[in-house]
Each structure stands twice: as structure tokens, then as C-alpha cells.
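Start from the sequences and build out the full structure, keeping to the hints where you can.
Number of protein chains: 2
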Amino acid sequence: MELSGLQKTRSQYLPELPPCLQKSAVELEYGDATTVADPSDAQSVTRSFPLTYGKPLVHFLNPSSPRRDSQVKKEHPAIRVGVVFCGRQSPGGHNVICGLYDAIKSHNPKSTLIGFRGGSEGLFAQTTLEITEDIVLTYRNQGGYDMLGRTKDQIRTKEQVNAASNACQTLKLDGLVIIGGVTSNTDAAQLAETFAESKCQTKVVGVPVTLYGDLKNQFVETDVGFDTLCKVNAQLISNLCTDALSAEKYYYFIRLMGRQSSHVALECALQSGPNMVILCEEVASSKLTLFDITQRICDAVEDRAKQDKYHGVILLPEGLIESIPEVYALLQEILGLHKRGVSADNISSQLSPWASALFEFMPSFIKKELLLSPESDESAQLSQIETEKFLAHLVETEMNRRLESGTYKGKKFNSICHFFGYQARGSLPSKFDCDYAYVLGHVSYHLLVAGCNGYMATVTNLKDHVSNWRCGGAPLTAMMTVKRLHGPGASSIGKPYIHPAAVDLKGKPYEMLLRYAGNLLIDDLYRNPGPLQFEGTGSESKTISLTVEDQDYMGRIKKLQAYLDKVKMIVKPGCSPEVLKAALSSMVNIVNILSIMSSM
Amino acid sequence: MELSGLQKTRSQYLPELPPCLQKSAVELEYGDATTVADPSDAQSVTRSFPLTYGKPLVHFLNPSSPRRDSQVKKEHPAIRVGVVFCGRQSPGGHNVICGLYDAIKSHNPKSTLIGFRGGSEGLFAQTTLEITEDIVLTYRNQGGYDMLGRTKDQIRTKEQVNAASNACQTLKLDGLVIIGGVTSNTDAAQLAETFAESKCQTKVVGVPVTLYGDLKNQFVETDVGFDTLCKVNAQLISNLCTDALSAEKYYYFIRLMGRQSSHVALECALQSGPNMVILCEEVASSKLTLFDITQRICDAVEDRAKQDKYHGVILLPEGLIESIPEVYALLQEILGLHKRGVSADNISSQLSPWASALFEFMPSFIKKELLLSPESDESAQLSQIETEKFLAHLVETEMNRRLESGTYKGKKFNSICHFFGYQARGSLPSKFDCDYAYVLGHVSYHLLVAGCNGYMATVTNLKDHVSNWRCGGAPLTAMMTVKRLHGPGASSIGKPYIHPAAVDLKGKPYEMLLRYAGNLLIDDLYRNPGPLQFEGTGSESKTISLTVEDQDYMGRIKKLQAYLDKVKMIVKPGCSPEVLKAALSSMVNIVNILSIMSSM
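Chain order of the listed sequences is A and B. With my numbering as the guide, the letters of the first sequence map in order to residues 1 to 600. With my numbering as the guide, the letters of the second sequence map in order to residues 1 to 600.
Label pairs and their in silico Cβ distance ranges:
hint	chain 1	residue 1	chain 2	residue 2	range
1	A	110	B	249	33 to 39 Å
2	A	409	B	289	45 to 51 Å
3	A	357	B	414	31 to 37 Å
4	A	108	B	570	31 to 37 Å
Hint data in this document are derived by calculation from the structure and do not stem from the laboratory. The structure displayed is predicted, hence computed values, not measured ones. In this text, a Cβ means the ideal position worked out from N, Cα and C, and glycines have one as well.
See the structure below:
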């Protein structure tokens, strides 16, 4: 890999540290013992994690008089730390390692940082790379996971846990840092418990890095990678909005990453203001069927056609397909047949009559994609299922039907489909992700040195400037919940897991989306956050997920005036009822905008 | 539309003007009469453009003593100018209008700029929008064409030319500025000739704006939009390169915009260093068949597998499919049948036996796409044909065959396909495109005032700083060539056109690509130019197409050392012949890099 000019400039950027990490001697304070959020889960978690459950929270203390002791460099004993990337690559992942490296070396140059090449497989096989200044230099503030790579990322079976344990003992590791999302951090907790049980000296610390942004709980505000992913995607979505508005002839259906949870789709919608977004959580909570979703989009297309608008932008998370009740049931049947060893070619003939009817209704490209071998025990290959094309197909069919039956009187519906997955994931990380990841790297080191096992490195108050960030650690087990599975055959109580957090349908971001939904749908309130900036405007170290930019009052007022002008222009003596309807709808929009403005 | 923080900052950016435009009285000098590049075309062009052919070049003079006369503001008489977006939206298009507006108003606030809404259709229907300060403010340095929009963009038939002529006369336009690519500027030339003939007072000036970058000739260095498109795409391609290198399991097949010419694919390849790029011009000049191209990619996949690499990035222009001789023949047959009114459903049964054999060989999704109604008289709907999926499918089939037959011994081939079309087109324009477009807007105004009819606004020496840019105008007719069509039935001499310039296979950019091709293929010399920057590093007003960044010598030397280490590591007593082969191949790469470095 060669670095471009911008990459080189970025590689020289050194993130700021919060005050608690600027001292040579970092001070930790232990809080109360932690418990799980839902008391009814406590028993199950205690049973699974007897040695690591109930540990206290850790806070890093701010220096009482800042930098007073910075002259007296207290050297730590040399330690050996291993680090491994687990799960999907997220922008900023490299900076966790850079922060960890800088912390380790600044406290004792004889300490060693060992990277495992190729994710958990590298851990099991002990394929190592000693991380040196030279290596770190190339990857500072750079995207991807290519310093170490990754493969399959599970440390779950007895063999896997044993292999990991062997690696840590053979390499005499004092600590192991696991960089990943919900699954990897659940595995980290399990590993920590096993190590505690076997009195292995290696302490395990997890770092919240996942571009889905779904590792969120009372201790963790956001994850490394999510900010970059949303910013890059929001830019591309906005570009398509601009394009749609310029060409005025297509509907863009855009599928975004995000499985059970739709954080990415929600954030991108708030950033770029597309006409419509459908979240998995909405579909699941309202039990919307394929038919419902199709009708909802078609009604929106009709409403826009009445305003003579034949373009639009619609966002969907990739997990949408699984959140639709009847499709979920079908996918579960397919998954079950896969597990029983039935080959893809034979699955369709063994479906239940009901599932078979749904399956046969689908276009052939979707059938093929639904039958792909599953990605894990629980999920189909969502990234390979072109849900956006499927929905566009259903909408087109329905719009054609409405056109033919005469209930819809507009122009023919046209769509273009996009999947924004991989192209954002490899991006240079945003300043926020660089900073957050770098600080988390430092925090991990200090947790290990303090002997914390089964903890997650945490940084909170991220909305504020770095100098007000709060560092600490929280036991992984305190983040666990137990899913009570429903349905026949499933055991009534499952294993404790760190589960992905769903979009909170009562939370502020979703509430904001709802308030604007009507205007976004009709009025093309598109905005373009623009490409990631590293200097000047837009380069602030802020995460968009916590700081949606203030709305532009003047812009709204101008918009209102434009509406009023439009109504004035179209309402003329003898104008048709259609025109009057359009004018009325514009007036309703004006009232809506006014009421939003007055309430802010 | 609402502006984001970055958009607002951008809207306040005022591009610099070259010295020749800074004076209040711009001085023009006329050069020699122009002729077409190929003398054998002259007769045909003279015949078609008797009144506008052979006009002189126009140069804008630099002020002898700069800004001396800036105090004495010489006011121009008030004029009325119309402006229309033709062709696909290109980032920077709005800035042509902003530059034109500023030039008009600064010379006489009573002059009027009238925009036609909805492209050429708006021109015919006289759907106008008077462009005011307020409007211009919202669109300064913003992407898209949404200030005016566009529709179909042809001013060719007698009816269309008459409608345009009527509009210009009814609206009493002194000038009409047509913003577009090769087709629109050919139309502009025709309109200018018609106006000259009918002694219409409206002068016609064209502006080179096309994201394909294929309106290039002795007078025009590059087009507005190309720089932004390449930069945004190169970033996304680089993100995928990083992703490929991190996950090490997929080949990304990426289709880029670019029809007969592959400028975008070439530039993006030079910027981001993917493993392979296939240009239309290479395929056409070497007459590569589908089979050849498939074999070429498969051989590359095998070569990489020998180095234990199972990932890669391959770029294709959307026009590739048409440049393959046998597919071209098939598409021509389909086009012919469409023209004869045969419906898509019946076309396959009426193909010649040869074309039918090829058609039947194709997977069904491509069949469907090839049969879509054509975009124009000459081309299929290239943006709708998923060439990347088709090639990935052919490569997968062939790799599976090789695997089964035992000639290929590596892992299974996996691919993921992308089309980077629309998501880059709506981007905020790069600084270069903002500046270039803005200056072209000013130039257009001065050409109109000087009474130049049938000219293109030109700015040259773009590699240099804006203060050294040279402004002028060149007759559109001097850019024309006459295609001699081959094959039965086609007349031997066609009409004069401004044809898209192909990538010069003897030019420097292509030569550079060729020199690195071997290393790019095997060594993953990926680089990420990063997202568009507007301040700091990477924000220089330079177009990438003319200033590929200098290669990083130290980076290369480090790379070489890494190769040497690798060879040292793998070559051990008793190692297999395969390992020795891999080592040899690494050594060959080292020699190649060394020889490139020593020649630079």
C-alpha cells in the first residue's frame, strides 16, 4: 500500500488525549459493583459468569492539578499485550492499536505489543506480528483492518477458547485486547471468565468497534466506525438526492448496512433528509407485511406525483427483509433446512405450504439470494439479498397496476437501486473516530495494567470536547441481557449475550425523524453534509450520532416563502380541483413547518 | 433543499479570476482563422457550416499594467442572455451560471440572465426563470443541476431548432449559453449556424461541461465535472481496495461511468491503484473478445492465488460491453430491431443465427438488460447493463471450471459487484471544478459581448495556478471531425460532429498505467486519495487529470525492503517448487520497481 498526500498528512495527525490520560500516572477509582440492566437476567448471568459478574465500574480520575507530575515519569513494569481485530472492519480500528501502542511504549519502551494476523483464526494459530513504531506509522488514522487483517471472528466453541487460551499462555501475554462489536465482546467476556477460572494471567479487555453502532448501553455511547460510516454514506445519499432533484425522473432505493438494528439508516436519514426511510424497528413493532410496506411506498409515490414530482430517495437497512414477519418465518424455515443439510436446490420443495406460497411469489433473483448458505446460525446472508431491488420491483408492479386500473393518473414509476455497503467501510476514519479509537486504545492499556479482566474500555460524554471526555471501564457481563425465545421448540431461557441495541422508537433521534417525516416526504428538504473534512469547516471532532446540526431557521423561512409563492402562482380563477388540492397540500406543509419552528 | 454547514461555507467561497478577467474592460485579440484538425474533413464541415466555419481563435489579453484601469469602470450596454443545462448533470455546472451571472451584473446591473427550466425542453417551451442574486446565492459551488433541472437534451430536429430560435427571438436574447458535452456542443454549433443564416441577433456560446471528460481537443484541456467525478470515485474505489485488503476474500468488480471513452476509469486507476482496469480503447484496438477478457482476468486471479492472494479490485467502464466486437454486433442487431418497432419480447427470435447463439449464451439478467429500449439512436442503455456482474459471472464460471479440471489449485473465487455512477455525479464540486466553471462562465459572457457566435468558451494552462490560466474562445466547428462509417448500408461519409475523444493509447497517462500494470496487478499498491477536501491538504485547485501526484520514492523503497524480507522468509531449505516460483515472481517485481525508480 502506498499513501497519498492526504493519507500522509493524516498519518501525522496525533489525536488529543483527555486530561485523565495526560498524566504519566493514570489514577483509577472503583465505583459500585455493577449489575445487569434487567434484574430478571441477573441469575442467568451470575450462573454463566460466576467469577466476572458483579465487578465494579472503573473511572479514570482527572488530575487534581493538571500535569503537575508530568515531570516525574513513573515507569510501569514491562508487559506483553496481544491485540486482535474481530468482526467486520470499521474505520478507526487501526487507531485503537495506535493508542494502545503509544500508551504501552510511553510507560515502558520494553513492553511488547503483539498483533494477531487474520482475526481470531490468527489468535488460534498464533500467527503474530510484533507491532513496532514503523508499522504503527503507516496505519495511524488510516481506514481498514489491513495492518492485521481478519477472518471468521468467533471465539466460542471449546476448541476455539482452548486455542485462544493456549496462545495467550504460550506467548506469555499479560493482556489481550479484543476489538469488535456485540458478538466479539460477548466472546471476550466468555474468554475472560475462562481465564479467571483457569487462573490464567492474561486479562481480557474489549473495545467497542462496530460500524453498525449497535453496541450501545448504559456504559457505551457509540462505537468506533459508526460516525465515519454514517458520514460517508450520508454524503453519497445526499449526492443521489441532488441527482434525483436534477434529473427529476427516478426513485432511488438505497440499501444500507444494519441488520437487526437500523442505526445507520436513521442517522443517514437525519443527515441527508431523503424522502423516506423504513427502519427494521418500525416494521417489527408495527408488524408490517410486505404488502403494507409496498402500499406505504406506493401511496408516497402517488402523493408526490400529485405535486408533479417523479423523483425521490428511499432508504432501507439491509436487515429490513428479516424484520418483515412473513419473510422472517420463511427465512427461518430455509435456515432450518440448511442446518438439516438440505441443499439449496432442494429447499424450495421442502418448504411448508405457506412459506412455499410466499417463496413462489418472489422474483427469481431474490429466490436465489434467499437460498444462499447462511452467514451464521441465526441469519441469512443479508448483504447478498437485494432487498432494495425486491421492493422496487414490488412498487413498480403495484404502480403499474394502479396506473392500468386508473386509480393512479401520474407518469410511469422508475427506480434505480443502490447498496451502500463496502464502499464506505474502507474510508479514512473521521476525526471523531480517530480520536475516540485512539483514546480507547489508551484506556485499554490502563485497564489491563490495573488488572481488570472482562472489562470494556469506555469513553463517555463524547458530545463534549475531548478535554471533557470521561474514561473508564465497565464489566462486559453488566452489558448482558438474556433473550427469551418464543415459539415451539426453543428453550424458554437463552444464554446471556451482549445483544445489539435496537433503535429506540421513543428516543430523540427517531422522534425528530417522525416530526419531519411529512415534510421530508413531499418537500425535498435534502441537505448534503458533504465529504469528510479534516481541516476547516466540517472537520470538528464530533460524532453526528450525538450532535445533529441545528436546523437552519432562515432556510426554513425562505422555503416557506417559496411555498407561498407557489400557491399564489398556481391558484388562479378557474383552476382545476387537482390544482386546488395541490395548493391545499402545500398550505398544510407550511402549517407543519411553522408549527415545528415555533416549537423549537 | 436546505444547506448543511459545509454547503453554507462552500456557498460563500468566491473563486479567483485570472488577470485577464480582473479588469473592468476585458480585451480580446483575434488569432488566425481556425481549421479542423483533419484537413480531409474540412470540405464536409464547410458545407454544413458555411457561415460559422473558419472563424478566428479568440484570446483574452492580460492587462499590460494590472488593475490600472480598475477604477474606471466601463459599463457595458445592458444585454439579455439565456442559459440552459443540456446533457447529464456534472458537478460544477451551477458555477458556470454563477460566473456568467457575476460577469453580466458587474458590467451592467440592468442586464438580464434567463435560465431555461428543464433543459432543452424548457428552451423549446420557453419555461424560464430569471436568475437573481438570491437564486445564485443558494447554488454557488453546489453540486447537481437543480437550479434549472434538465430533461432530454437534444436540439437537432427542424422542429427543435425552430422552437429554440423562436424562444431566443421572443425573449429578445442577445446570447444563449449552452452548458454540455459533445452532443450538446454539436447542437450548439448547428444552432449558431442557423441563427447566422436567419440573421437572428442571438449569439450562441458553448461551455465544456461533461463528467465523462471526453470533450477534449486542441482547444479544450478538460471538462467541468470530470475532476470531481474522478476524485469521488477514486475515493470509493480506494475504500474498496482497503476493504479487499482487510477481508482478503473478495474480488470487487467496479463499473464506472464512461461510454465510448474510458477517461474516468483511467484516471481513477491512476489515483487509487486497483489491481486491474480494462479500457474500452484497449479492447477495441486489440479486438478482445469476451473470451479473451475472461481469460485475462482469470489468469490474473490465478497469478494472485499463487501469492496466496484471494482478493482484488477490477475497474470497468460502462461502455466496455459495447467495445467488445461480438457484443457490439449483437447490440447493433438489437438496436436495428428496436428501430423497426420489434418489441423486446420478440427480438431474441429475430436475431441472426450468430447473434442468437451469443445471446443465448448470456445469463438471463444480462439478456433482459440488453433488450431494454435504447437510450439514443446509437447506444443501448449502458447504465442499465450490469457488465460488472456479467464479467464476474463469466470469471466465476471459468475459475470453477479450472478448479474442477485441476489446472487451478487455489481457493474458490468470490466476487462482489458495484456500479459507481449516480452517487458521485451529485457531489459538491471540487475546488478545481468550482474555479474552472466559474471562469468559463465569465469567459462566455465576454465572448457574447464581443459578438462571437458558435464559439466554445475555453480556459487553458489549467495545470498551473489560476493566475496563469489563459482564457479565450474557439469556434465549435473547428473541433469537428467526420466519422467515416464502415459496413454495408452506411453512407461512406457522415455528418460533422464534435466526437468524444478516446483515451490516447500512446499518451502519458496510459503509458504510466502500463508501466505499473504488473505491480498493480500483484502487489496491491493501493493508495487512497481520500475524500474531497476544501481546506488544507488535498484542497488545492488542481485537476487530477493533469497532475497525477508524484510517486513516493521512500514508500517504494520500503516496499522493496518488505519484498526482500518476504523472499528471505519463505525461501528455506527443502521448500516446495511453488514457494520458489512465488519468490521468483517477487524478485521480478523488485527488479521492475527498481527499473521504474531508476528511470524516473
